[in-house]
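A.B. asks: Sequence:
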Amino acid sequence: MGQNHRRLGFAFGAKQFLVSIFSFATILLNFNFPSTLAAKEVSCHDCVGDDCLQDFCKGDYCMVTKYEQKWYPYKTKGPAVVKGCLSGDLIKDDVDNKCITLENGNRLTCFCRNKNECNAGKSLSKLKEETVKLVKCECQGKHCNGRDSCIGEICSWSQHVDTKKIEKGCVNASIPILKQRIIGACISPPITGFMHQGLGKKIDDLMSIESCYCDERYCNSERPFKESEEKGEDDEECPAHVMAIVAQTEKKSEKVKCIGQFCYTVSVNATDLGPMQKYRAKGCLTFDEEYKLPEEFEPTGCGIFKGGGVEVELCLSTKNKRAIDRVRAQEKVNPVEEEEEEEKEKEEEQEERKEEREEERGKSPKEEEKSRRESSGEKNDKKKGKAKAPSYIFDKTPTQAPIPDDSNTTMVAVFVLIILCILGSGIVWKFELHKKLKRGNYDSVAGG
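Residue numbering for the sequence shown follows this note's numbering, starting at 46 and increasing by one per position.
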């Protein structure tokens, strides 16, 4: 009788041990397991403003970005800082936790998912930074106010295909996802919905406007990329259409067809940040042959940003396998090509200095002295920053060590947990076997 009590007690203890292990496993998975291995989603701040902390959303990545509506003739108050969530299969699974910052110190965009609510406070300030250059672009059109050049994040070149009228300028912070993904492309109708001041006054005019975007010095002096004279074998025929609700008034364009490498669909909802409440567009997008895919994005798929009352969804699709293969091939950066690019950058800098010297010839002695001081200061800055050269917007940069998080500790804990589970299972199995052997001996003695 005593032996039976001991067996029952041992069995009960073994089962309680296993229950405790599995309870511990549940707690570990819920609180400590990294998002990439357990739940992919992270919790993020969802609000407007540099220091805002209100409201929350869940997505694949937390994001800090800028949003500004541009719809002629309405004037805007400037870009608003927007925090929110980024999701979708257009976004890669291995985007670094980082902030992309202009050389003047202005923060462009931040991506993170190393912890919940990483897009605010100390977590945001600890993200590594990538510096990108502002570029000098040609400026042509009413918006230039008499200037022939401008400095911005990317350059734009737009043409009305019927009137052949051209506008050039700079594009700065506008709509999340869209701006990052259009560099190196020609698009029709314009994907941002910007009503070009000199090219069109009505929404139907957008259907006749093609816009190209590039990020090198004066790359918009002419059409940045070669225009294909006729439809390629694999090019897509896409529906093209624009609908917008501006100042409570709905505007719709005619529905037409266009030809390009990719078909795009974009949807923007922003009821509280400007006159444009909704914008929907479909059209065509063709990339330059030397285009390098931004390291944050896949060639096709859908990406969705939600935050601060702004919702942006961009989808790219194509059956053009050669276009996708070309983009994939450009992802593999050739060291020789990198050296050639560096040489090209040096030549451009020398040319820029030469132009500046020519401009300074007509200056007064005081102005010349000031210019010499500024140029010597720039040289010193370049020497200091030689080890860490800034990259162009969203181009692929060398991989850096990720910000430390709790994933290593968690993996060790999971490994220990697995060992404990194996040991626990072995103890129970051994006990059950021992019990069966005892029962067999008892039956033999009893003559059963």
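If you're looking for bench data, these hints aren't it; they were derived computationally from the structure.
A couple of the hints might just be wrong.
Straight line, CA to CA, 20 Å or less: simulated DMTMM-like cross-link-like pairs of lysine to aspartate or glutamate [to be verified]: (1) Lys115 to Glu295; (2) Lys327 to Asp370; (3) Lys167 to Asp100; (4) Lys160 to Glu183; (5) Lys115 to Asp370; (6) Lys337 to Glu295.
Across the chosen pairs, the derived CB separations fall in these ranges [as the list claims (entries may be wrong)]: (7) Met288 to Phe101: 29 to 39 Å; (8) Gly94 to Ala374: 38 to 48 Å; (9) Thr316 to Gly346: 38 to 48 Å; (10) Phe101 to Phe476: 30 to 40 Å; (11) Ser362 to Lys247: 48 to 58 Å.
Yeah, the Cβ is synthetic: ideal placement off N, Cα and C, and Gly gets one too.
A.B. asks: For each hint, tell me whether it holds in the structure or not.
C.D. replies: Hints and how they fare:
1. Lys115 to Glu295: Cα-Cα ~16 Å, so holds.
2. Lys327 to Asp370: 24 Å, violated
3. Lys167 to Asp100: 18 Å, holds
4. Lys160 to Glu183: 42 Å, violated
5. Lys115 to Asp370: 34 Å, violated
6. Lys337 to Glu295: Status violated; Cα separation ~37 Å.
7. Met288 to Phe101: 29 to 39 Å: Because 31 Å falls inside the window, the suggested range holds.
8. Gly94 to Ala374: 38 to 48 Å: 42 Å, holds
9. Thr316 to Gly346: 38 to 48 Å: 27 Å, violated
10. Phe101 to Phe476: 30 to 40 Å: The hint (30 to 40 Å, Cβ to Cβ) is violated, given that phenylalanine 101 and phenylalanine 476 are roughly 48 Å apart.
11. Ser362 to Lys247: 48 to 58 Å: 28 Å, violated
Hint compliance for this structure: hints 2, 4, 5, 6, 9, 10, 11 are not met, and every other hint is.
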